[in-house]
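Peer 1: With the hints as your guide, set chain B onto chain A.
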Amino acid sequence: MADLRTDFLGIKSPNPFWLASAPPTDKQYNVERAFKAGWGGVVWKTLGEDPAVVNVNGPRYGAVHSNDRRLIALNNIELITDRPLEVNLREIAEVKKKWPDRAMVVSLMVPCEERNWTTIVQRVAETGADGIELNFGCPHGMSERGMGSSVGQVPEYIEMVTRWCKAASRMPVIVKLTPNITDIRYPARAAKAGGADAVSLINTVSSIMSIDLDNFAPTPTIDGKGSHGGMCGPAVKPIALNMTAEIARDPMTRGLPISGIGGVTTWRDAAEFIALGCGTVQVCTAVMTYGFKIVEEMIDGLSRYMDEKGYRSIEDFRGLAVPNVTDWQFLNLNYVTKARIDQDLCIKCGRCHIACEDTSHQAITHMVDGVRHFEVIDEECVGCNLCVNVCPVENCITMEQLTEGIDPRTKRPIHPEYANWTTHPNNPAAVNKVAAE
Amino acid sequence: MSSVIENLAAVPASTDVAAGRLPASQYAENFADMHRPLTAHEALVESDRCYFCYDAPCQKACPTSIDIPLFIRKIGTGNVDGSAETIFSANILGGMCARVCPTETLCEEACVRNTAEDKPVRIGLLQRYATDHYMADHDTYGARKPATGKRVAVVGAGPAGLSCAHSLAAEGHDVTLFDARRKAGGLNEHGIATYKTVDDFAQSEVDFVLAIGGIALETGKALGRDLRLADLRRDFDAVFLGLGLQAVNALGLEGEGMLGVEDAVAWIEMLRQAPDKAMVPVGRRVVVIGGGMTAVDAAVQARKLGAEDVTMVYRRGREQMNASAYEQEVAQINGVKLVTWAEPRALHGANGIVTGVEFERTSIGLSGKLEGTGERFVIPCDQVMKAIGQLFVPGPVAGETAEAIALEKNRIRVDDEQRTSLTKVWAGGDCVLGGEDLTVVAVEHGKIAARSINAALGA
Numbered sequence: 001m002a003d004l005r006t007d008f009l010g011i012k013s014p015n016p017f018w019l020a021s022a023p024p025t026d027k028q029y030n031v032e033r034a035f036k037a038g039w040g041g042v043v044w045k046t047l048g049e050d051p052a053v054v055n056v057n058g059p060r061y062g063a064v065h066s067n068d069r070r071l072i073a074l075n076n077i078e079l080i081t082d083r084p085l086e087v088n089l090r091e092i093a094e095v096k097k098k099w100p101d102r103a104m105v106v107s108l109m110v111p112c113e114e115r116n117w118t119t120i121v122q123r124v125a126e127t128g129a130d131g132i133e134l135n136f137g138c139p140h141g142m143s144e145r146g147m148g149s150s151v152g153q154v155p156e157y158i159e160m161v162t163r164w165c166k167a168a169s170r171m172p173v174i175v176k177l178t179p180n181i182t183d184i185r186y187p188a189r190a191a192k193a194g195g196a197d198a199v200s201l202i203n204t205v206s207s208i209m210s211i212d213l214d215n216f217a218p219t220p221t222i223d224g225k226g227s228h229g230g231m232c233g234p235a236v237k238p239i240a241l242n243m244t245a246e247i248a249r250d251p252m253t254r255g256l257p258i259s260g261i262g263g264v265t266t267w268r269d270a271a272e273f274i275a276l277g278c279g280t281v282q283v284c285t286a287v288m289t290y291g292f293k294i295v296e297e298m299i300d301g302l303s304r305y306m307d308e309k310g311y312r313s314i315e316d317f318r319g320l321a322v323p324n325v326t327d328w329q330f331l332n333l334n335y336v337t338k339a340r341i342d343q344d345l346c347i348k349c350g351r352c353h354i355a356c357e358d359t360s361h362q363a364i365t366h367m368v369d370g371v372r373h374f375e376v377i378d379e380e381c382v383g384c385n386l387c388v389n390v391c392p393v394e395n396c397i398t399m400e401q402l403t404e405g406i407d408p409r410t411k412r413p414i415h416p417e418y419a420n421w422t423t424h425p426n427n428p429a430a431v432n433k434v435a436a437e
Numbered sequence: 001m002s003s004v005i006e007n008l009a010a011v012p013a014s015t016d017v018a019a020g021r022l023p024a025s026q027y028a029e030n031f032a033d034m035h036r037p038l039t040a041h042e043a044l045v046e047s048d049r050c051y052f053c054y055d056a057p058c059q060k061a062c063p064t065s066i067d068i069p070l071f072i073r074k075i076g077t078g079n080v081d082g083s084a085e086t087i088f089s090a091n092i093l094g095g096m097c098a099r100v101c102p103t104e105t106l107c108e109e110a111c112v113r114n115t116a117e118d119k120p121v122r123i124g125l126l127q128r129y130a131t132d133h134y135m136a137d138h139d140t141y142g143a144r145k146p147a148t149g150k151r152v153a154v155v156g157a158g159p160a161g162l163s164c165a166h167s168l169a170a171e172g173h174d175v176t177l178f179d180a181r182r183k184a185g186g187l188n189e190h191g192i193a194t195y196k197t198v199d200d201f202a203q204s205e206v207d208f209v210l211a212i213g214g215i216a217l218e219t220g221k222a223l224g225r226d227l228r229l230a231d232l233r234r235d236f237d238a239v240f241l242g243l244g245l246q247a248v249n250a251l252g253l254e255g256e257g258m259l260g261v262e263d264a265v266a267w268i269e270m271l272r273q274a275p276d277k278a279m280v281p282v283g284r285r286v287v288v289i290g291g292g293m294t295a296v297d298a299a300v301q302a303r304k305l306g307a308e309d310v311t312m313v314y315r316r317g318r319e320q321m322n323a324s325a326y327e328q329e330v331a332q333i334n335g336v337k338l339v340t341w342a343e344p345r346a347l348h349g350a351n352g353i354v355t356g357v358e359f360e361r362t363s364i365g366l367s368g369k370l371e372g373t374g375e376r377f378v379i380p381c382d383q384v385m386k387a388i389g390q391l392f393v394p395g396p397v398a399g400e401t402a403e404a405i406a407l408e409k410n411r412i413r414v415d416d417e418q419r420t421s422l423t424k425v426w427a428g429g430d431c432v433l434g435g436e437d438l439t440v441v442a443v444e445h446g447k448i449a450a451r452s453i454n455a456a457l458g459a
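If you're matching them up, the sequences are chains A and B in order.
The numbering used here puts the first residue of the first sequence at 1, with every later residue one more than the last.
The numbering used here puts the first residue of the second sequence at 1, with every later residue one more than the last.
Just so you know, the hints here were simulated from the structure itself, not pulled from any lab data.
Honestly, I wouldn't trust all of these hints.
Unchecked claim - Each pair of labels, with its calculated beta carbon distance range:
1. B/V45 to A/G224: 27 to 33 angstroms
2. B/A325 to A/N57: 55 to 61 angstroms
3. B/A406 to A/Q343: 53 to 59 angstroms
4. A/G291 to B/A274: 53 to 59 angstroms
5. B/L70 to A/C112: 53 to 59 angstroms
6. A/V54 to B/D139: 41 to 47 angstroms
7. B/L70 to A/A217: 58 to 64 angstroms
8. B/G317 to A/D342: 34 to 40 angstroms
Built from N, CA and C at the ideal position, the CB exists for glycine as well.
Just chain A, same shape as in the assembly (with noise of 0.2 angstroms):
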C-alpha cells in the first residue's frame, strides 16, 4: 500500500491533500469537519488586521457551466476573513491542539509595511501553527487596497515583505503567486530571493465570468454594477500546471519546494501537479462543489495509481515530469505521425473531417466509394492531433508514429534520428544546420 504522508517543509500531513484558503476553511467548524473529512492539512482563510474588512451583502460568486450545469469554472469578489483576528488566532491554536497531525499552514496580507508585518507573523507564531503563507494573490477588492495581486505583481515587493517575515519567526514562509503576471518566474525568483521556503500556486484569474445580456452588468451582479472577480476551478488548471513547469523546470528556481493549485478535482489532477514537482495540492473549488467527501477519492484514486506503477511514496514520482517540459526549440522535427481511424470504433459522425477540412488540412475523406467513411489521407496528414481532440469516441482516432520509409506528405525519408529548431536550415539563426524535415 502506497505511503501518501508527506513532508513539506518539515510540515508533515497525513495526505497530500490541503484545503487551500478560502471559504472552506475560514473558521474552526469547516476546517474540524474537513479533518474529520480527512483532508491532511489547511491553510487558513487569509487573516487581516482589525478593523476586519467587510464583504458585499449581495452575490459573491460566479460561475461558468456547462449544459448540464456542471461547474467548469467558478469566481469570486469575496474578500479575506471578515472575522476578527483573536477568533481566528483562537481558533487556529485550538484545531492545531486537537488535531496535531494536520497540516496547519495560516494565509496572512497585511499592508505592505514592515511592522504590521511582523506583528502578525509573530502572533500567528503564538497559536503554534505549522507555518504561514503570504497571500500575494487575490485580484480582487485588497488589490485595490495595495494588497494581494499589487503585491504579487512586483517581484522587488514579494522579495522585500518575504525577507520580513522570515525575519520575524522561525516558521516556514510560502509565497502564493499570482498568475496574473507576464512571466511568473520573476515573482518566483523574488519569492526565493527574499527566503521563501516554498512558493504555491496559481491564486484566482482576474476575470468577468459573464455579461447579463438584459441588465448589460457584469455577473455577479451587485445592484447593477459588477466587478472584476478571481477564477479558478477546472478551467484554470492548464494556466496552474504550466506556471508550476515554469517554476520547476527555472534554473534560479528549480528545486524551490511547490505547493500546487489550480483546478484540483480528482486524484489525477493532483497526480499530474505532484509529476511536475509539487510537494502538495490545495484545493477549493472541488470542495465548494462537492463538499469534503471527494478527499475519500482523492486518497483511494492515488494510492491505487502508486500501487500500480510501483511507487512507495510521493517522493517515488514527484518532479518525473519537469525533465519532459522543454522549449518548442527543442522539439524534435523528424518524430513523425499520422492520425489512424479505428473503423470499429467510428460512430461516423464526421467531426475529424469537417474540423480537417473546413479549418486544418483536408487530410480526411468522408466519402469512399459512395459510403459514408472517414479516412486519413496520409498525403495530407500534418499529424496535428485536432482530429484526435474533436473525435467524441474515446480512442478512435490515436496517432501512429512513422519510424521508417518516406513520409508521404512531405515525400522526404523519415530520420530516426532527433533534429529540432536549433539546427533547421529553415531558421536563420541556426549553428550547425542539418537536414531535419
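Peer 2: Frame of chain A; chain B shown alone:
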C-alpha cells in the same frame, strides 16, 4: 400451446361490447400524453448530447430534411424560437411530426450515438420542445409575399394539403383548402392515437398553419360529391390533391358484417372525436388483425378503454411488422398480446354477433411464400378490429372525364415534382404511389408540390 387457444364451445353467444368500463377518473390518465415533454433543463442537457455531425445522418433520414443539428444547437444556446423556425422552414407540421413520427426508424435510428451507446439523441422530444415553445406565443410561422393573384385549389386538409397550402400562401398565392370532413387535419385529427396528440393539438396546428393568411378553408366538401376535378381545373390556376385513403382492406371472410367486427381506422376516428372517452364502447376481449401502426394504435387504445384481453395477430413475424420494434414495445407495455405467424381463416359468431376468430398458423414454405401449416386455433372475442391496410378509392379522379388521372398500383402516379398525368394537377400524401403512410412524408410531398406549382405559376 398458447393460452389464447381455447375451445369455441366455451364462448358465450352474447356480445360484451360496452362503454364506461373504467372509473371516470381513469380515462384522463389513460389518454394523457404518452411522452411527457422535456423541461427546459432536460432540453439543454439533451441538446448537449448532439455531436453536430457533418452531413448529419439524422437530417438525411428525415423525409423533410430538417436541419436537426442546427435546431438542436439553437436549443442549447437558448435560442429556442430560432430553433423552431429552423424546423418549420423545412416542415410546417414539425409540431405534429415531433409527436407522431416513428423517429426510431427515421432520425433517431440514424443518430450516430446508436453506434457507441445504443442511445440516440432524443430528437423527437427536442423538436417538440422547440415547436411547443414557439407555438405558445406565435400565431403562425412565416409571412406572405406580395399577392400574385394566382389561385390554387388544395383538396384534402391533411398533412400533405396543409403543407402545400402553407407554402403556396407564403409565396403570395391565394389558396382554397377543401376537406370532405367537418374538421381539417386529416389523419392527424382523425387517425392518430389520442395519447400521441393530446390537448386538441391537431386543431391548434391547423390554426397555426392557416394563420399565415391567404388560405380559405372549406370543410364538408368532398371531391366527387361536392366538387368536380374538371371544375377545379377550370376555376383555379392549379390543383393539389391530398386525398388520403378512403377505405380499408377487407378480410374477405364470411360474416364481416357481424356486430362486433370493426374497421380499426373508423373505430380510432370515432374514439378521437368522442368528447368523453368513457362513451366509447369496447369489447371485453378484443382481437386486432394486422401488424402496422393502426393495429397498434387500435390495440393499445382498446386496452386504455378497459378491454381486459387484447390480442394483436399478424400473419408474419415481428420483424416483418410495419409497426416498429418500439411500437411493438408500446403495445406490450400496455398489455397487448402479440401473436405472430397466424392468418384469419373464419369469423365465428352467433345471432349476428361475432364470438371469435379462427386462425391458421403460417410459415414461410419451401417456395419462399407464406403458407398455412394446417394447424388452426380460435381466439374467442367480443370485438374484432381489422387493420390490414387502407385503400385508395380513385373514383372521383378517375373516369370523371376523358382526362382521367393515370394510376399505378391503384394510387395516383406522380413524377418527382408531384405532378400527375393531368396538366395543372399535382398530388401527394398517401393517395400517390410512393406515399409511405407517414405524416412526415405527406408534408414533404406538399412542400415539393408547392415548389413546383409556384415555379409553374411564375412561368
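Peer 1: Hints first: check each against the structure and report whether it holds.
Peer 2: Now the hints, each set against the structure:
Judged by the Cβ atoms, the range 27 to 33 angstroms given for B/V45 and A/G224 holds: they are separated by roughly 32 angstroms. A hinted range of 55 to 61 angstroms for the beta carbons of B/A325 and A/N57 is consistent with their spacing of about 59 angstroms. Separated by about 47 angstroms at the C-beta atoms, B/A406 and A/Q343 break the suggested range of 53 to 59 angstroms. The given range of 53 to 59 angstroms is respected by A/G291 and B/A274, whose C-beta atoms sit roughly 55 angstroms from each other.
With their beta carbons about 56 angstroms apart, B/L70 and A/C112 fall inside the hinted range of 53 to 59 angstroms. Distance hint check for A/V54 and B/D139: the Cβ-Cβ separation is about 53 angstroms, which falls outside the suggested range of 41 to 47 angstroms. For B/L70 and A/A217, the Cβ-Cβ distance of about 31 angstroms falls outside the hinted range of 58 to 64 angstroms, so the restraint is violated. For B/G317 and A/D342, the Cβ-Cβ distance of about 35 angstroms falls inside the hinted range of 34 to 40 angstroms, so the restraint holds.
Consistency note: the structure conflicts with the earlier hints numbered 3, 6 and 7.
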